[in-house]
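In the order they appear, the protein sequences are chains P and U.
Sequential numbering of the first sequence, starting at 1, is according to the working numbering.
Sequential numbering of the second sequence, starting at 1, is according to the working numbering.
Keep in mind that a hint or two might mislead.
Just so you know, same-sequence chains aren't split out, so a pair can sit in one copy or run between any two.
Under the rule of at most 25 Å between Cα atoms (straight-line distance), these lysine to any residue pairs were calculated in the SDA-like manner [to be verified]:
1) K72 / S114
2) K9 / K68
3) K72 / D93
4) K68 / T57
5) K9 / S114
6) K9 / R82
7) K72 / E48
8) K68 / A36
9) K9 / E48
10) K68 / A56
11) K9 / A132
12) K68 / F22
13) K68 / D23
14) K72 / A122
15) K72 / L55
16) K9 / C108
17) K68 / H45
18) K72 / G58
19) K68 / E6
Hints were generated in silico from the structure; no laboratory data involved.
Protein chains: 2
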Amino acid sequence: MNPPTEANKSEREEGTTFAPRFDASGLLTAAVTDAADGALLMVAHMNEEALRLTLATGIAHYWSRSRKSLWKKGETSGNFQRVVELRVDCDQDALWLKVEVAGDGATCHTGRRSCFYRILDADGTEPRLRHAE
Amino acid sequence: MNPPTEANKSEREEGTTFAPRFDASGLLTAAVTDAADGALLMVAHMNEEALRLTLATGIAHYWSRSRKSLWKKGETSGNFQRVVELRVDCDQDALWLKVEVAGDGATCHTGRRSCFYRILDADGTEPRLRHAE
Chain P
1 MNPPTEANKS
11 EREEGTTFAP
21 RFDASGLLTA
31 AVTDAADGAL
41 LMVAHMNEEA
51 LRLTLATGIA
61 HYWSRSRKSL
71 WKKGETSGNF
81 QRVVELRVDC
91 DQDALWLKVE
101 VAGDGATCHT
111 GRRSCFYRIL
121 DADGTEPRLR
131 HAE
Chain U
1 MNPPTEANKS
11 EREEGTTFAP
21 RFDASGLLTA
31 AVTDAADGAL
41 LMVAHMNEEA
51 LRLTLATGIA
61 HYWSRSRKSL
71 WKKGETSGNF
81 QRVVELRVDC
91 DQDALWLKVE
101 VAGDGATCHT
111 GRRSCFYRIL
121 DADGTEPRLR
131 HAE
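This is chain P alone, in the form it adopts within the complex:
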């Protein structure tokens, strides 16, 4: 991403104009948390169309990098994400979605509530993963 000019930078960081900075692949990063308790549920990406549909419907849409396709989260599982609040970061290349998850509440395709179910232990030797809870 090219550095913006100083005037653009100030407006981008302090202003009220939404001017999302899609990366070289045309994507924004989205961090998704549970609106009720703040737990991080997933990290995903949005292209321009996914963002437009999210804003138009209030239901989170993403771009699947692995499947290379638009992805209405919950379309097969029923676990749609209703966007309670949407925030943008200082340089407008990342979004924070606070959501309510419908259906059985799972966000991860493994059936878990969050995709972040493993802790990385790295004290001393080789890093290892440990299942949380």
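For chain P, the structure is supplied; the task is to place chain U on it using the hints.
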């Protein structure tokens, strides 16, 4: 990213081996929250070296995409991030860092605690940003 084989997929998702999936640019996405109250502070990226240094020191290091350089967060401000817990997601391409911020506690270069200080309002007309609080 190429889809992994089924055997690899199962080990990657359920196993205890840390096998991070760097993207085409050699990066993982990192969502960073305050270990005390869970607020999302920033979203950043790590290359292999940043990850290695983070694990070795317990202090968050990132890769700055705009500056194209390794970035020890807090090196100029003093607001280092001590990693309290590090989690990885199901397909191991994203990290969740729960951190304690040193110094005056600001994470954003604008001096704010979090980079996500603006809410995106999109009810009906053109999307607009609104400063939180």
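Pop the pair K72 and G58 into one bin, within, between, both or neither, using alpha-carbon distances up to 25 Å.
Answer is within: at 11 Å inside a copy they meet the 25 Å cutoff, but 37 Å across does not.
With 25 Å as the alpha-carbon cut-off, assign the pair K72 and D93 to within, between, both or neither.
both (21 Å within a copy, 20 Å between copies)
What label fits K68 with A56 when the C-alpha limit is 25 Å: within, between, both, or neither?
within (22 Å within a copy, 35 Å between copies)
For K68 vs T57, is the C-alpha pair at or below 25 Å within one copy, between two copies, both, or neither?
within (22 Å within a copy, 36 Å between copies)
If the cutoff is 25 Å on CA atoms, where do K9 and K68 land: within, between, both or neither? Let me know, please.
Close across copies (18 Å), not inside one copy (31 Å); limit 25 Å.
My question is about K9 and R82: at a cut-off of 25 Å on alpha-carbon distance, are they close within one copy, between copies, both, or neither?
neither (31 Å within a copy, 29 Å between copies)
25 Å Cα cut-off: does K68 pair with D23 within a copy, between copies, both or neither?
both (16 Å within a copy, 14 Å between copies)
How do K68 and H45 come out at 25 Å by Cα distance, when the copy is not named: within, between, both, or neither?
both (11 Å within a copy, 21 Å between copies)
If the cutoff is 25 Å on CA atoms, where do K9 and S114 land: within, between, both or neither? Let me know, please.
between (35 Å within a copy, 18 Å between copies)
Classify it for me, K72 with E48: is the Cα-Cα distance of at most 25 Å met within a copy, between copies, both or neither?
Result: close within a single copy only, 14 Å intra versus 31 Å inter.
25 Å Cα threshold - placement of E6 relative to K68:
Between copies only: 19 Å across, 35 Å inside.
Measure nothing new, just compare the shortest in-copy and cross-copy C-alpha distances for K72 and S114 to 25 Å and report within, between, both or neither.
within (17 Å within a copy, 28 Å between copies)
Hints 6 and 8 from the list above are not met by this structure, while the remaining hints are.
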